[in-house]
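Protein chains in written order, with our numbering: chain D, 1 to 94; chain G, 95 to 320.
What the hints contain is simulated information worked out from the structure, not anything from laboratory work. Note that this is a predicted model, so its numbers are computed, not measured. Ideal placement from N, C-alpha and C gives every residue a C-beta, glycine not left out. Just to be clear, a hint being listed does not mean it is correct.
[Unchecked claim] Calculated lysine-lysine pairs in the BS3-like style (CA-CA distance at most 30 Å, straight line): (1) G:LYS236 x G:LYS315; (2) D:LYS11 x D:LYS41; (3) D:LYS78 x D:LYS11; (4) G:LYS236 x D:LYS11; (5) D:LYS11 x G:LYS315; (6) D:LYS41 x D:LYS78; (7) G:LYS236 x D:LYS41; (8) G:LYS236 x G:LYS211; (9) G:LYS132 x G:LYS172.
[Claimed, not checked] For the chain D half of the interface with chain G, some residues (derived, Cβ under 7 Å), not all of them: (10) PRO27; (11) LEU29; (12) THR70; (13) VAL71.
Okay, here's what each chain looks like letter by letter:
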Amino acid sequence: MARVVVDVMLKPEILDPQGQAVQRALPRLGFEGIADVRQGKRFELEVEGPVDDAALARIHEIAETFLANTVIEDFSVKVEVGEGADAAAGKAGS
Amino acid sequence: MTARVGVVTFPGTLDDRDTQRAVRTAGLEAVPLWHRDKDLKQVDAVILPGGFSYGDYLRAGAISRFSPVMESVIDQAKAGMPVLGICNGFQVLTETHLLPGAMLRNNHLHFICRDQKLRVENAETAWTRSYEQGQEINIPLKNIDGRYVADERVLDELEAEGRVVFRYRELNPNGSLRDIAGISNAAGNVVGLMPHPEHAVEPLIGTGRTDGLGFFTSILKRLVSA
Chain D
1 MARVVVDVML
11 KPEILDPQGQ
21 AVQRALPRLG
31 FEGIADVRQG
41 KRFELEVEGP
51 VDDAALARIH
61 EIAETFLANT
71 VIEDFSVKVE
81 VGEGADAAAG
91 KAGS
Chain G
95 MTARVGVVTF
105 PGTLDDRDTQ
115 RAVRTAGLEA
125 VPLWHRDKDL
135 KQVDAVILPG
145 GFSYGDYLRA
155 GAISRFSPVM
165 ESVIDQAKAG
175 MPVLGICNGF
185 QVLTETHLLP
195 GAMLRNNHLH
205 FICRDQKLRV
215 ENAETAWTRS
225 YEQGQEINIP
235 LKNIDGRYVA
245 DERVLDELEA
255 EGRVVFRYRE
265 LNPNGSLRDI
275 AGISNAAGNV
285 VGLMPHPEHA
295 VEPLIGTGRT
305 DGLGFFTSIL
315 KRLVSA
């Protein structure tokens, strides 16, 4: 099975108080020099069958209608390389 | 014949019973609707009550939007049936795009629970006819995802068309743009707001006032005059 990753981020103009709270905590923890933090969501979709153009188009539709609210969020779709057996082994080991 | 108002229960809905009670207090018949029902049981209006439908997983209101009952609610709302979304119901209405914009985490990140003053900016929608234009009401508010956002063009359009139905007074509890507490669609039959009128229909509970009752009597006015 192949893995497709959908990243969802608030649009740049939308206030992200969660990201700001993380950013404000960084100096307290001794991490200086981080000017801004924005928090997003990552979805990992394990796809049955080949990840061809049709499958990618379907995942794009899933992302656009459901995973992201495009009124406030942008999204990107990436295919992760790696064979099913390796991915499964990696999971078992983690 | 009494007007029938459907009240939808999703998994995670909390305020369906209070809403049914408010409907009855206003002299209407409350009809419970289940999220898996496609059949709206010939109701004259629908209320999507508050709570955390589907646990607010993914985004508040995002999963409920695809439930069978919402297919019928969306169709009927487009055909002119009055629909009110309270709190989580408002979030569901933005996710369905029956109302523009979106709801986000409060700007201070805290869950908030307080009595909230509102100004009724539009007393001509299906759900606000019992109020006066500019009237101030005080009803409970409780949420964590209550920050209303939309782009400038949409906000200007809402203002120009009188579709900002309620604005927060004295304090903006969540960072909503332009102090918006509630909006309507262009036809005025679909209204959503974050505060909870159903918790202020009897003097014994909530704010000790009955400022929320007007929502439910408004719908009676509309249905009788229709």
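Now for the hints, and whether the structure bears them out:
{"no.": "1", "hint": "G:LYS236 x G:LYS315", "verdict": "holds (28 Å)"}
{"no.": "2", "hint": "D:LYS11 x D:LYS41", "verdict": "holds (12 Å)"}
{"no.": "3", "hint": "D:LYS78 x D:LYS11", "verdict": "holds (19 Å)"}
{"no.": "4", "hint": "G:LYS236 x D:LYS11", "verdict": "holds (26 Å)"}
{"no.": "5", "hint": "D:LYS11 x G:LYS315", "verdict": "violated (42 Å)"}
{"no.": "6", "hint": "D:LYS41 x D:LYS78", "verdict": "holds (14 Å)"}
{"no.": "7", "hint": "G:LYS236 x D:LYS41", "verdict": "holds (25 Å)"}
{"no.": "8", "hint": "G:LYS236 x G:LYS211", "verdict": "holds (13 Å)"}
{"no.": "9", "hint": "G:LYS132 x G:LYS172", "verdict": "holds (16 Å)"}
{"no.": "10", "hint": "PRO27", "verdict": "violated (18 Å)"}
{"no.": "11", "hint": "LEU29", "verdict": "violated (18 Å)"}
{"no.": "12", "hint": "THR70", "verdict": "violated (9 Å)"}
{"no.": "13", "hint": "VAL71", "verdict": "holds (4 Å)"}
In summary, the numbered hints that this structure violates are 5, 10, 11, 12.
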